[in-house]
Each structure stands twice: as C-alpha cells, then as structure tokens.
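Heads up: the sequence lines are chains L and H, in that order.
The opening residue of the first sequence carries number 1 in our numbering; numbering runs sequentially from there.
The opening residue of the second sequence carries number 1 in our numbering; numbering runs sequentially from there.
Incorrect hints may appear among the rest.
Claimed, not checked - One side only, chain L facing chain H, incomplete, derived with CB under 10 angstroms:
| id | residue |
| --- | --- |
| 1 | Thr235 |
| 2 | Lys244 |
| 3 | Asp247 |
| 4 | Ile263 |
| 5 | Val264 |
| 6 | Asp292 |
| 7 | Ala296 |
| 8 | Asn297 |
| 9 | Ser425 |
Stated by the list, open to error - Simulated crosslink set (DSSO-like; lysine-lysine; CA at most 27 angstroms straight-line):
| id | chain 1 | residue 1 | chain 2 | residue 2 |
| --- | --- | --- | --- | --- |
| 10 | L | Lys146 | L | Lys111 |
| 11 | L | Lys69 | L | Lys113 |
| 12 | L | Lys146 | L | Lys352 |
| 13 | L | Lys167 | L | Lys111 |
| 14 | L | Lys352 | L | Lys167 |
| 15 | H | Lys145 | L | Lys291 |
| 16 | H | Lys145 | L | Lys273 |
| 17 | L | Lys167 | L | Lys386 |
| 18 | L | Lys386 | L | Lys111 |
| 19 | L | Lys146 | L | Lys386 |
| 20 | L | Lys273 | H | Lys267 |
| 21 | L | Lys212 | H | Lys267 |
The set of hints was computed from the structure by calculation and includes no laboratory data.
The structure presented is a predicted model; accordingly, all values stated were derived computationally and were not measured.
From the three backbone atoms N, C-alpha and C, an ideal C-beta is built for every residue, glycine too.
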Amino acid sequence: MADSNRRSFLKLAGTTGAIALAGCSQQGDNGDGGSGDGATTASSGDSGPQTITLGGTMSLSGDNADLGKLYKQAYELTIQRINDAGGVEGGDGNTYELEMVLRDDETDASKSKRTYQELIDSEGIDYLLGPYSSTVTLPASAVAAKNQKPMVEGGGASPEIFMQDNKWIFGLLPTADKYALSSVDMAKAQSPSAETAALLAEDDTFSQSTAKGVRAYMDNQGVDLVVDESFPSGTSDLSTNLGKVRDSDADILLLAAHQKHAIVMAKQLESQKVNVDMAMATVGSLNQSFKDETGANGDYVYGPSSWAINADFEDPVYGSTSDFASAIESEYGNTPDYHSAAGESVILTYMKAFEQVDELTPTKVRNAIRDIEFTSAYGNIAFDEKGVIDKEMLVYQWQPENGKQIVWPEAVQQSAPVYPMPDWSER
Amino acid sequence: MAFAQFVVNGLLVGALFAAVAVGFALIWGVVDIINLAHGEMVMLGGYASYWTITLVNGSPTASPGLALASVPVAVAVLFVVGYALQRFVVSHVIGTDLFLTLLVTFGLSILIQQLGLQAFSADPRTISVQFAEQSLDIAGLVVPKVKLIAFVGAVALTIALFAFMKRTRTGRAIRAVSQNDEAAALVGIDVEHVRAVTFGLSSAIAGGAGAFVAMILNIQPQMGLIYTLKSFVIVVFGGIGSVPGALVGGLLLGTVEELTAGFVSSKWTLAVSFTLLIVLLVVKPQGLFGEGMGGEAE
Numbered sequence: 001m002a003d004s005n006r007r008s009f010l011k012l013a014g015t016t017g018a019i020a021l022a023g024c025s026q027q028g029d030n031g032d033g034g035s036g037d038g039a040t041t042a043s044s045g046d047s048g049p050q051t052i053t054l055g056g057t058m059s060l061s062g063d064n065a066d067l068g069k070l071y072k073q074a075y076e077l078t079i080q081r082i083n084d085a086g087g088v089e090g091g092d093g094n095t096y097e098l099e100m101v102l103r104d105d106e107t108d109a110s111k112s113k114r115t116y117q118e119l120i121d122s123e124g125i126d127y128l129l130g131p132y133s134s135t136v137t138l139p140a141s142a143v144a145a146k147n148q149k150p151m152v153e154g155g156g157a158s159p160e161i162f163m164q165d166n167k168w169i170f171g172l173l174p175t176a177d178k179y180a181l182s183s184v185d186m187a188k189a190q191s192p193s194a195e196t197a198a199l200l201a202e203d204d205t206f207s208q209s210t211a212k213g214v215r216a217y218m219d220n221q222g223v224d225l226v227v228d229e230s231f232p233s234g235t236s237d238l239s240t241n242l243g244k245v246r247d248s249d250a251d252i253l254l255l256a257a258h259q260k261h262a263i264v265m266a267k268q269l270e271s272q273k274v275n276v277d278m279a280m281a282t283v284g285s286l287n288q289s290f291k292d293e294t295g296a297n298g299d300y301v302y303g304p305s306s307w308a309i310n311a312d313f314e315d316p317v318y319g320s321t322s323d324f325a326s327a328i329e330s331e332y333g334n335t336p337d338y339h340s341a342a343g344e345s346v347i348l349t350y351m352k353a354f355e356q357v358d359e360l361t362p363t364k365v366r367n368a369i370r371d372i373e374f375t376s377a378y379g380n381i382a383f384d385e386k387g388v389i390d391k392e393m394l395v396y397q398w399q400p401e402n403g404k405q406i407v408w409p410e411a412v413q414q415s416a417p418v419y420p421m422p423d424w425s426e427r
Numbered sequence: 001m002a003f004a005q006f007v008v009n010g011l012l013v014g015a016l017f018a019a020v021a022v023g024f025a026l027i028w029g030v031v032d033i034i035n036l037a038h039g040e041m042v043m044l045g046g047y048a049s050y051w052t053i054t055l056v057n058g059s060p061t062a063s064p065g066l067a068l069a070s071v072p073v074a075v076a077v078l079f080v081v082g083y084a085l086q087r088f089v090v091s092h093v094i095g096t097d098l099f100l101t102l103l104v105t106f107g108l109s110i111l112i113q114q115l116g117l118q119a120f121s122a123d124p125r126t127i128s129v130q131f132a133e134q135s136l137d138i139a140g141l142v143v144p145k146v147k148l149i150a151f152v153g154a155v156a157l158t159i160a161l162f163a164f165m166k167r168t169r170t171g172r173a174i175r176a177v178s179q180n181d182e183a184a185a186l187v188g189i190d191v192e193h194v195r196a197v198t199f200g201l202s203s204a205i206a207g208g209a210g211a212f213v214a215m216i217l218n219i220q221p222q223m224g225l226i227y228t229l230k231s232f233v234i235v236v237f238g239g240i241g242s243v244p245g246a247l248v249g250g251l252l253l254g255t256v257e258e259l260t261a262g263f264v265s266s267k268w269t270l271a272v273s274f275t276l277l278i279v280l281l282v283v284k285p286q287g288l289f290g291e292g293m294g295g296e297a298e
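Looking at chain H on its own, in the form it has when it is part of the complex (with noise of 0.2 angstroms):
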C-alpha cells in the first residue's frame, strides 16, 4: 500500500518534472545550447499565473476554472520571453564555444532571480485553488485534486508539443533546423525565427509548468536552479533531444525519488537520483530514448 501510494506521489509529481524538462530538452536538441536559465522560465511562468488571479480575484486563491484559465496566460506571457531572450541575445553566441553559451545563460539567470527579487521580494507565493475537499480517496490511496490537475495539464502541454512538432510546418522547420540548419536556410526556413520560435515554445511549456507548480507548492525568485538541474538529469535519462525521452524521464525521476523518500529518507534523494544518472551515462550514453550526443528533435 505504502509502495503504491509513493509511486502515485512519484508520478504525479513526475509529470511535472517532465513537463519542464521538455523544454529543456527541445533547445539542447535544436539550438544546441544548455540553457541555464530554464527554470527561471518555470519562476517567471510561476509568478504570471500568481499575478493573473492576484489581479483578477484580490487574493491568489482561486477556484479550479479560475485556476487553470491562468496556464494559458503564462504559457503565452513566457512564448514571447523565450522568443525575446533568443532573437536579442542567445542568438549572438550560437555556433561559438560552448562554455560561452553556458556563460550566457548562467547570466541570464542570475539577472533574472535578481530582477525578480527586486519585483516580488523573496517571500515565497503560492496559489490556493479552492475545492470542498482538496484530495480524492482512490483505492485507500490519496490523491490531491490540484496534484492531479497539475499531472494531467503537464501531460498535455507535453503531448501538444509533440503533436505540434510532429504534425504543423513551424514543427517541421523546427525539426529540419535541428538536422541542419545551412540546409533549411537553403530551402527558405527563417533559421533565425524558428530558433527563437523554439525557444519561446520551451519558455512556454517551462511557464505552464510554473504556473501548476504554483499552485501545488510554491514559487520563489530563486527556485529556479533545482529545476534546471532535475531538466538536465531527465534530459540526459530520456535521451537529448527527445520529448518522449524527457516525459518518461520526468515520470520515472520523480517516482524514484518518491520511493526513496518513502523508504528511506529524503536526505538520499537527490544523491539516488544522480548514482542513476551516472550508470545510466556509463550502461547506455545516449539515454533511453536518445539518438546520442546532439541527437535529433523527435
């Protein structure tokens, strides 16, 4: 019983880890850079959904429509950051060392939890969603409403950029910029566009998922770190580049570390999560889904 409950913790956190490693791994595949200031993405995503029902209801509490009425805005709101961010000035550094695009971006989000210190304070924000009763009793299992919401919205935005890569014109100039880039210059893609188009879309998904962080935990200027970390273990567990890699990845990280909360302590989390990572790395490099080392965007 134990057993199952701490693998629907798992999951349902999971989706959530996925759905921010996503991103994550959307840009590491098609721009080839780290980005290092994604989960200041999931913060500012966070805080846009916090200040929609702020503005709209006097108090960050919201009924479940109210609630979820929010994702789009942050999703939106952090499209045009990420396009913003890439067009004025990641896209001065691509192609050039690696360690500068690290540097970029390391910067990039430094600037970013300070500016947010400076706008929201450091208290910590948290969004309550109102229901009669917050959990469901599945099965003797306990389920929170809102946990659930935020499993079932991560997993969709996951599925729709799927869906979107796989099936829209903007998602195959994506993927063919990703193959090569001097080749889709050379059939007319705006490589510079779809570049920035990729990394709105990854801002856009991390901000969705802030926004069900928000609402589930809380949000902070200086959240963001632990979650770039945990996009880069899923991204390298699941394969770079790979949306299907990094959902199964989040699911299976945030299970993981659930279990070892629940059956031994919380204190190994982490250093359980990154022992995986670094069998994984020696047993099957190119993650579980990964074509390899700057494998295409599936």
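One chain only, chain L, in its complex shape (with noise of 0.2 angstroms):
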C-alpha cells in the first residue's frame, strides 16, 4: 500500500511537471474544443513519447470515500497497465503514455464542480473522468459541457444525467430503463420463442423507467404486451393482477419492482396458477434472502445484474475479467465489485477513443467515444445517443441443482437457462 502510495505521488509529480512543460510547449492543436487544446499532450521531449493527461476529482474522503476508493484503484492500475505496455497507439500515429490528476472532491457535488473548470482552465486537462455518485456527476457534467470537453463517468446511473442534452457526458452505468432489456433477448433467443409478454410495474420512480424502457423495447423487438399494470407501491397482494396474466396467457412475466413484490410474486405464481415460460423480477429477486424466504417458489426465477466477477469476458488490458480481479486484488488487497469494473472501463473507453482519432482534440475524441464497442472486464461498451451504455446486463436463474446461474449472455453464462420454466403441476 505503502508503495503504491509513492507511485501514485510520483505520478502526479510527473503530471505536475509535465503540464508545467505543457505550459512553456504548446503543441498549436487546432481542435475546436476550447482554449485548454493540446495542453494536455506535452512532448517530454524528442524521442520519448508523449502525454495525455486525464483529469478528475472523487469521493477520496467524505461520505462514498469506501467505494471512491475502488474507482481511483481501477484508475491508477489501468494506467499503469496501458503505459508498461508501451502506453496507447494513437489514431495520429504517435505513441502515447496516459496521466491522470485525480483530486478529492470530499464527496460534495460544488466542491467538486468547481474542481472540474480548475482541471480544465489552470491545468488544461481535456478528458475528464466523472466523479462518484449521482448527486457529484450531476452538476460536473455540466462543467464539461460548458468547456466542451468529453467526461466519461462510472459512478452515476441517475436518467436525469442525460435529460440534459448534454453531448459530452457518457455514462458507463446503466440506467432503470436499461434493466429488463436483456432478459427480453434472452426470451427471444430460447425455443419456443417469447411472443407475448405481461409486465407489472410498481408505481415508484425507478420501476416506472425500467419498465418504460422495456416497453419502448418490446414494441420495437415485436414482442406483444398482453398485460400492462402498474400498482402502488403499499400494495402487497397481486392476486387479481397475477390472475390477469394467468388468463392472457403471456409466454413472459416482468415484474419491475422491488424485493417484498418479488417475494409475493414467487408464492403468488404457484397459487394464483400462473405457468409462463419465464418469470423475472427487475430488482430483489438474486440477493440470498429472496431465495430463504421463497424456497422452492423461487427456482427459476430470473434477475438481471450489471456485473459479476465470474462473467468472464475478454478485457484488451488485462485479459479478462477474472484476471482483472486478479490484479485489484493482489495490488490493493481487495475485491473488485462492479464499481471498479466501471472505473477500469472508463480509462478503456478513452484508450479506444484515443486509438481511433486521425488528431487528438476533445471533439473528435468525443465523437470516436460515440461510436466505439468493445469488450473489457466490465462486459460490451457502446453507448446509446444519450450517452448512457448500452450494456447488455447479465442474466441470472435461481437453478434447483446449481442455485444462482448466469444464464445469458450466451458467452459468459455458467449453465443454459432452464426455459421454459417448469409448470407448477409438474414440479
């Protein structure tokens, strides 16, 4: 740790000295993306490769300084990862090395704020990291519209990040109305394949996007939604609509809701004689205490999840995700969770993005960012014209034999769903 310590402070030393070598060489970039161009990509000389500099502040104390932690680990071992590799092959031709400035925004969303227009106006940092939380990335994303200067973000999943016609913000957490969609893929893909669906939605924020999203997704996947209900949250008996979906016969169920309705859905299913050929809950159905509670109602079940540590995918850094976690853990002792994943992506996204543009300026990076996919630890990376990943979430079934499965995407999953799920007359 101690180690690590002195290598983050030698690196910022570095950065110091090198956006202080940045202010005396100006490289003339002529990109449209406001004063602070090229400051960021300081020659350190004439054969040794140049800089790009990252720029961002973090929870490091205050109140998410535990979870802050995770994204400047995943930060810092990228970087460090991407550079003892030989650094990023640019679009340009030249060969780069990245930096980062990563200060403590005590978790306070104006502390931070006005941290982000000093990164870009005293140290003519070009490519922002988000912060954490949704409360911080809020108000700093407006920070990097305003300067036009791309942020890519892994810790904050609020919609209202991306209602603001903001063009330079990417986020790389998904958000409700992304949370149903690939369980609908799924249902597509098995045999026989999803027609009809029913959806149950609680009346709170949250599960009014997810399920909104899904609709939007239905209609244009031509799956047929047969029953369309909405219930207050205080409400804890879904008989009547249950019933509902028993006589419509819809081949899948979604309940976007939270774990006490998943609980009630699981008994309800077997007494209300609801057989449909998949039931999901959006949020509460995967944690241990749905299973205790539901027991035998709960096998089958499905739930998605944005990241696992065992879905491996293949990561153009580390190898893959499990080598990924690997490396989280044998640097800083510690386990990777979802949060770190998301903090690696985002040094990756700006990687592909500086891999693919022909003259490296805040516009035209922003724009390669627009258009990338890939696959890293986290799983695919592409985001949607909001900004917002469009990420494929994983796909979990509670299996009688195997207990918690990832069961889609095909690539990743640890055992085939079991789909149709059985009737209750033959359980």
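Two chains, two frames, a set of hints: combine them into the complex.
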C-alpha cells in the first residue's frame, strides 16, 4: 500500500511536471474544444513518448470515500498497465503515455464542480474522468458541457444526468430503463421464442423507468405486451394482477418492482396457477434472502445484474474479467466490485477513443466515444444516443440443482437457462 | 367470470383487513384513542408467528397445522404487548388532548419500526405453508388454500371478539367503560385494567391477522402504515366502535379494491377507496353501522 502511495505521488509529481512543460511548449492543436486544447498532450522530449492527461475528482474522503477508493484503484492500475505495455497507439500515429490528475472532492458536489473548472482552466485537462454518485456527477457533467470537454463516468446512474441534452457526458452504469432488456433478448432467443409478455410495475420512479424502457424495447422487438399494469408501492397482494397474467396466456412475465413484491410474486405464481415460460423480477430476486424466503417457489425465477466477477469477458488490458479481479486483489488486497470494473472501463473507453481519432481534440475524441464498441472486464461497452452505456445486463436464474447461475449472455453463461420454467403441476 | 374472481379475491383479502380494523375500532370506541401504532401490532404478530415456525422447524416453512398453531402464539404475545403499552405508556395521555394521544401513538409506531429494523433487518420475510396443491378450483375460480384458511381465521377472530364482548364479564366491563368510565369505576370496575385489557385484545387480534399476512403475503418492519390507514378507512366505513361494522367494512374495502384493480387498474385502488370514504362521510357520517362519533362499542 505504501508502495502504491509512493507511486501515486510520483505520478502526480510527473503529471505536474508534464503540465508545467506543456505550459511552455504548446503543441498548437487546432481542435474545437476550447482554449485548453493541446495542453494535455505534452511532448516530454524528442524521442520519448507524448503524454495525455486525464483528470477528474473523486470521493476520496467524505460519505462515499470507501467506494471512491475503488475507482481510484481501478484508474491507477489500468493506466499503469497501459503504460507498462507501451502506452496508447494513437490513431494519429503517435504513441502516448497516460497520466492522471485525480483530486479529492470530499463527496461534495459544489467542490467537485469547482475543481473540474480548475482542472480545465489551470491544468489544461481536456479529457475528464467522472466523479462518484449521481448527485456529484450531475453538476460536474454541466462543467464538461460548458467547456466542451468529454467526460466519461462510471459513478452516476440517475437518468437526470442524461436528460440535459448534454453531448459531452458518457455514463458506464446502466440506467433503470436498461434493466429488463437483456431478459427480453434471452426469452426471444429461446425455444419456443417469446411472443407475448406481461409487465407488472410498481409506481415508484425507478420501477416506472424500468417499465418504460422495456415497453419501448418490446415494441421494437415485436413482443406483444398483453398485460401492462402498474400498482402502488403499498400494494402487498398481486393476486388480481397475476390472475390477469394467467388469463392472458403471456409467454413471459416481467415484474418491475422491489424485493417484497418479488417474494409475493414467487409465492402467488403458484397459488394463482400462473404458468409462464419466464418470470423475471428486476430488483431483489437475486439476493440470498429472496431464495431463503421463497424456498422452492423461488426456483427458476430470473433477475438482472450489471456485472459479476465470474462473468468472464475478454479485456484488452488485463486479458479477462477474472484477470482484472486478481490484479486488483493482488495490488490492493480487496475484491473488486462493479464500481471497480466501471472505473477500469472509463480509462479503456478513452484508450479506445484515442486509438481511433486521426487528431487528438476533445471533439474528435467525443465523436469517437459515441461510436465505440469493445469488450472489457466490465462487459460490452457501447453508448446510446444519450450517452448511457448500451449494456447488456447479465441475466441470472435460480436453478434447483446449481443455485444462482448466469444464464445470459451465452458467451459468459454458467448454465443454460431452464426455459420454459416447468409448469406448477410438474414441479 | 372475471367479476366473480375479483370479488372472491377481494373477500379473501378483505377479511384480513377486517380483523385488523376490528381491533382499531375497539380501541377507538372504548379507550377513545386513535392508535397510529396499530399497524405495528400486525407487523409484530407476523414476526411472532414467523419466528415461532422458524424455531420449531429450522426454516419458515410449515405444514398447515404448524402454521395455524403459530397464530395463538402471535395472539398471546401481542396481547401482552398491547396490555403493557396501554398500562405503561398510553394510559398517561388518556383524557388529554386528542393531538397528544396521536403524537404518542405515532411516536410508538416509529419506535417499534426502528426496533424492528434493528432486530429483524429490512429484509421482507414470509411463511411458506406447504400444500400438495396450493389452490382449489371452485367452479372455475382460483381459491388459494392458505388464503381460505386466513379468511376463516380472520372471520373467526372477529366473531370471537364479538362474542367475548357480548357474553363475558370482562366484555361487559369493557362496554361499561366505553359508555361511562366514571360510572363504571363507581360500580367497582378497575377502569385502568379494563382499558389495558381492551388494548391487549385489540393488539392480539391485529397480531393474529399479522400471522396470516405473513403466510399469504410477506412482512417487513415498515409494513404497518398501510394497515393503520386501511383500518382508519374501514372503521369510518363501518362506524366507530362497531365490530360488525368493521367486518363488513373490511370485506367491502377488499372487494372494492380488487374490483378496481381488476377492471380499472391497481393504480386507482387507493384513490377509489378514499373517494368512497369521503362520499360516505358526506352522506352517512356515522358510518354504515355506527352510532356516530364516540358511539359505544358493541
């Protein structure tokens, strides 16, 4: 740990040096990204590699310091690995080393906002790393837009961040409207393929957002929505709504709600004699406590998750998800979670974009990020038109013999889905 | 057909609302307290039954017999809880400002919720009652067995309370206190004890209903509010202090809610129930069975 602190210090010192140097030897980048252009690409001598500096703030102290630490680890280690492997092969033909300036925002939105402006004005940072949490990210993303610098973030998932018509923000955490989509993909890919669906949604913001996303998606995919009901959060009995699902003969059932409703669904599917090919709950169906409470009724129920340490995706820097996990563990002594993986992919998103642009300017890099498509330890990375990751969620299923299994996407599945779920009369 | 199914669903769940509301009506009628912690008694009853079954079986999975046997445990535990609450806390604010009693019971409700969160965590829990076949098919209507048991149990609890009030000495004493506490004291009734017994009975029935809620739905430390709210609606429907009124009110509310969910949308259930309440307050302010505000307990 002491060693890594020392390394961070050296890196920061190096960065400061590079920036000071940049102040003297502007490269004359004629991009349209504002006055700071070029200051981040500094030559450190004729023969040595050039440097690109990424900068941002993070919750290194304050309420979210424990999570902020995970991003810092992932940023640092990924940058180090990229540089150790020879740096980034820029699309402009140059090779770049990456550097990072990461300031503590104390989990304070106004401090973070101020610091981003400082990083742009006095440090000449062109490529911004997002902070942690939606509350801090929203004002920070406004700074990025105002100064026309791209910001890639792995710490803010509120749809509000992406509803500001901000063309400079890219988020790696899936927003609620993405939660149920890959379950629909999975059901469509099975035999018999799902053609009709029932959607039961709690009337809170998160669940309604999930419902809205999947409604539009199913429309697009040609899945016929035969039951579409919302219910108040206080509703504890789903019998009548499940009765509608039974009478509609829907192929799949999606419940956009929380854990208490997931439990009631699992119980009442049997008592209401509802036989569907897939029953999925967006939140709360993957905890052990769900299975403990529902027992055999919880078998075959599906649920989505944004990331899993054992869903092994290929990664251009570490090799694979499991290699990333062991690298973080051996370097820092803690197990990575989805925050770490999203942080890693923030850096990789920039790396991939730098590889694709013929000239290093904020606008060109931003445009490259829009079209980016690659796989990392975090999963498939691509962004939709609002800048939100178009991430395929993992789909889990509780299986009687194997327990909770990743069943989708096929590339990382631990077991094939038991699809259709057996009828109640056969269990 | 759909209509009949929605009515059946409504009656099955309405009986539980009724059993909860009966206790609420009793306290309101006799002790003249609107007990905002009544929903928490339902919650505690649910946990009493849940933990009894878990202790016996090692898991919250029970045969119908064991599940039923856990109901008297919940009833007994909650009687003690209710008695103690009245004796040691609520009795101090009786006869004072209505606002103060609301405040005290509201405070109790928050306290019990917080203690519940500490003790049981926020995870929802449920009791799984094992049947070979979960539901009956009666003339094309789906009737879950566990709900049928809960329906019968809830109605039985309500009738038992009604009989207790009518036939026993304590029941008569409760009614005497509700009519005139000073006169009751003059003829030798221990008013404080009777009030505490009433609070105990009210909580006991709510606890019994809570055990059934744990079997057909699930329980959580913060589940109480909706039951307190529904009880309020039902009691105003049925008439304050009226046990038969609460029973009919509960069944009616359940049916109206399920018909609304079935034919319109679940989103509208609360709006429809409260609209009905307002209409009823305008047309028949004393409720369907009530004697008006402050009416005697039957």
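Here is how each hint holds up against the structure:
{"no.": "1", "hint": "Thr235", "in the structure": "holds (6 angstroms)"}
{"no.": "2", "hint": "Lys244", "in the structure": "holds (8 angstroms)"}
{"no.": "3", "hint": "Asp247", "in the structure": "holds (7 angstroms)"}
{"no.": "4", "hint": "Ile263", "in the structure": "holds (5 angstroms)"}
{"no.": "5", "hint": "Val264", "in the structure": "holds (6 angstroms)"}
{"no.": "6", "hint": "Asp292", "in the structure": "holds (8 angstroms)"}
{"no.": "7", "hint": "Ala296", "in the structure": "holds (8 angstroms)"}
{"no.": "8", "hint": "Asn297", "in the structure": "holds (7 angstroms)"}
{"no.": "9", "hint": "Ser425", "in the structure": "holds (9 angstroms)"}
{"no.": "10", "hint": "Lys146/L to Lys111/L", "in the structure": "holds (17 angstroms)"}
{"no.": "11", "hint": "Lys69/L to Lys113/L", "in the structure": "holds (19 angstroms)"}
{"no.": "12", "hint": "Lys146/L to Lys352/L", "in the structure": "holds (24 angstroms)"}
{"no.": "13", "hint": "Lys167/L to Lys111/L", "in the structure": "holds (23 angstroms)"}
{"no.": "14", "hint": "Lys352/L to Lys167/L", "in the structure": "holds (19 angstroms)"}
{"no.": "15", "hint": "Lys145/H to Lys291/L", "in the structure": "holds (22 angstroms)"}
{"no.": "16", "hint": "Lys145/H to Lys273/L", "in the structure": "holds (12 angstroms)"}
{"no.": "17", "hint": "Lys167/L to Lys386/L", "in the structure": "holds (8 angstroms)"}
{"no.": "18", "hint": "Lys386/L to Lys111/L", "in the structure": "holds (26 angstroms)"}
{"no.": "19", "hint": "Lys146/L to Lys386/L", "in the structure": "holds (17 angstroms)"}
{"no.": "20", "hint": "Lys273/L to Lys267/H", "in the structure": "holds (24 angstroms)"}
{"no.": "21", "hint": "Lys212/L to Lys267/H", "in the structure": "holds (16 angstroms)"}
Consistency with the previously given hints is maintained throughout, with no hint failing.
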